[in-house]
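All chains should be built: construct the whole structure from the sequences, respecting the hints.
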Amino acid sequence: MSFTLNGVGIEDTFAEGFGMWGARIIITAKNRKWANIAAREMTGFATSVIACDCEAGIERQVPPEETPDGRPGVSVMVFGFSKTRLATPMLNRIGQCVLTCPTTAIYNGIPEEEADDMLDVGASLRFFGDGYQVKMRMGDGWGERQRFWRIPVMEGEFLAEAKFGAVRAVAGGNFLIMGENEDATLEASERAVEAILEVPGVITPFPGGLCRSGSKVGSTYAFLKASTNTPFCPAIKHTSPDSQVPPGCNSVLEVVLNGLDEPSVMKAMAAGIRAATEVEGIKWITAVNFAGKLGKFQMGLKDALGVE
Amino acid sequence: MKELVLKPKKLPELPLEAEVITPDSVAGKTLKEVKALPVYVGNTVHELGDYFDVKGETAETPSDQLVAIQGECGNVKYIGAGMTAGRLIVEGCVGMHAGAEMEGGELIVTGSASNWAGAEMKGGLLRIHGDAGHQLGAAYRGSPEGMTGGVIVVGGDVGLEAGAFMRRGMLIIHGNVDSFLGVHMNGGEVFVFGKVARRFGAEAKGNGGFIACFGGVESILPTYVYDTTFRPDFMKLYLRQLRDQLGIEAAGKFLEASFKRYRGDIAVGGTAEILVVEP
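Respectively, the protein sequence lines represent chains A and B. The letter at position 190 of the first sequence is residue 190 when you use the working numbering, and the numbering goes up by one with no holes. The letter at position 31 of the second sequence is residue 339 when you use the working numbering, and the numbering goes up by one with no holes.
Source of the hints: derived by calculation from the structure; they are not laboratory data. Incorrect hints may have been included.
As the list claims (entries may be wrong) - Label pairs and their in silico Cβ distance ranges: (1) A/Lys135 <-> B/Leu339: 46 to 52 Å; (2) A/Pro111 <-> B/Glu586: 33 to 39 Å; (3) A/Asp120 <-> B/Gly336: 40 to 46 Å; (4) B/Val533 <-> A/Lys30: 25 to 31 Å.
Claimed, not checked - With a straight-line Cα cutoff of 35 Å, these simulated DSBU-like cross-link-like pairs (lysine-lysine) come out: (5) A/Lys237 <-> A/Lys225; (6) B/Lys513 <-> A/Lys163; (7) A/Lys135 <-> B/Lys503; (8) A/Lys30 <-> B/Lys561; (9) A/Lys30 <-> B/Lys503; (10) B/Lys561 <-> A/Lys33; (11) B/Lys513 <-> A/Lys135; (12) B/Lys561 <-> A/Lys163; (13) B/Lys568 <-> A/Lys30; (14) B/Lys568 <-> A/Lys135; (15) B/Lys568 <-> B/Lys513; (16) A/Lys216 <-> A/Lys296.
What the hints assert, rightly or not - Footprint (simulated), chain A over chain B, 3 or more residues, beta carbon under 8 Å: (17) 425-436; (18) 539-550.
Positions of the beta carbon are idealized from the N, C-alpha and C atoms, including for glycine.
Following this line, the structure appears as structure tokens:
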């Protein structure tokens, strides 16, 4: 079963998403250069929990007028399979990559009223101040109650909000873009990621938002729990018995996305697919799933695109 | 919001104690009941209606109640004391203890306030457009904590011992402040845009408390140690809050300012901060 969009065939299937905990951190700095350096460092080696401690990515650039301290900011999102497996990487990554980065400060990006729980990340970071940290209070008895920690560092002070909101989020949104050659497929995938990042509350944790290997559960080797997604590797499409690469397709890229909720992921998938279909040479789009046996969310491509 | 208007008639020579002038006391009552609320002159009990013309409407709940006092009340004590919600606007001056122990809502005084305004305040906003007397937001004698929340904004000058024993909350003063500002404070934030007289922060303990001085200081106690001159990010948050949420335009001028940081009072092992803006 399939349908077409802008002349591109789209399989009537679904992306299988998993429930994870997600958090949003606003990193600010003296200028955009340093805010981005901190954000890139913090979200490094965080593509997939297959081998990373979390999944993370940059959501968007935050203009100074939207940040608490009026400086340029970057919104970063982190995802983990439990609150602990979210809080620990957050603490480690902020501690090693943001606290150490000149001029930065961090603020919670999910207000308490929108969060399912609050994580004491900043409150844990404060111990790095070795007793010289200063508690900062705002809004007591009259406004929005907020708590921060001021941690002395050699350059000056590192300011960290005490608590960060965490929500039950969605990971594993995906779709595969298949084209007649590498150039068309890469261009369509880049356009897809650009469109996805216009949707608030979504990140694409892989390099440039793209995963060229894909992955499947298990392998022929007993010691390896995941391996390249052989059914979608064009280089072996005629020699692999379970190949799912359609005729005429010679390159496949997977777009992977996580979001704070299912509607955001669906909306972003739709935006990405629409953008990809506008590139000449794209033949087929599908999504990866496990027949609904593993993930909590089944995000249909038809539903996402609003196709009857 | 429903508005109840009080106009002072001939007030007594002795101070009138009128802690019933709050949105809490009048909400849910008829005008007749409001006029019958007890007020005190010395050791005699009178009715509010004896000293005020009462007109307007009362609301069901304090949060929907606006009380406007149209006239000078410089000899009326405890206006707005203990209020928890709603708005109380005094078009003139107020006597001692205005807004003392208030927990919420908004008390606006277009004139000046006498001593103990906002003493031991717990929450809400007290805005005094004129001057304030001594012990603004302070702890009453023998009490271990002064302000524990809320904001006091003073447009003019302030007397002695403002913010004494402060624990939390904010004190913002546009004018000059007399001695012993923030004495014994153990938390809370004080912002002064005028000049600060000597001995401020005496025996302050810390707990995140600081006194930020934007208009100069007379002298700093020798028990405060100069640490550094820096541009702290945290100050940007406060200054933006002052400018954007409280309408204090002066705060916006110092967003990029450098501050000298002093830490003390080491006489009591304190870690409070004095931050003096660099010219």
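Hint check:
no.: 1; hint: A/Lys135 <-> B/Leu339: 46 to 52 Å; verdict: holds, 48 Å
no.: 2; hint: A/Pro111 <-> B/Glu586: 33 to 39 Å; verdict: holds, 35 Å
no.: 3; hint: A/Asp120 <-> B/Gly336: 40 to 46 Å; verdict: holds, 42 Å
no.: 4; hint: B/Val533 <-> A/Lys30: 25 to 31 Å; verdict: holds, 28 Å
no.: 5; hint: A/Lys237 <-> A/Lys225; verdict: holds, 23 Å
no.: 6; hint: B/Lys513 <-> A/Lys163; verdict: holds, 25 Å
no.: 7; hint: A/Lys135 <-> B/Lys503; verdict: holds, 27 Å
no.: 8; hint: A/Lys30 <-> B/Lys561; verdict: holds, 18 Å
no.: 9; hint: A/Lys30 <-> B/Lys503; verdict: holds, 31 Å
no.: 10; hint: B/Lys561 <-> A/Lys33; verdict: holds, 25 Å
no.: 11; hint: B/Lys513 <-> A/Lys135; verdict: holds, 13 Å
no.: 12; hint: B/Lys561 <-> A/Lys163; verdict: holds, 30 Å
no.: 13; hint: B/Lys568 <-> A/Lys30; verdict: holds, 20 Å
no.: 14; hint: B/Lys568 <-> A/Lys135; verdict: holds, 19 Å
no.: 15; hint: B/Lys568 <-> B/Lys513; verdict: holds, 19 Å
no.: 16; hint: A/Lys216 <-> A/Lys296; verdict: holds, 17 Å
no.: 17; hint: 425-436; verdict: holds (count 5)
no.: 18; hint: 539-550; verdict: holds (count 9)
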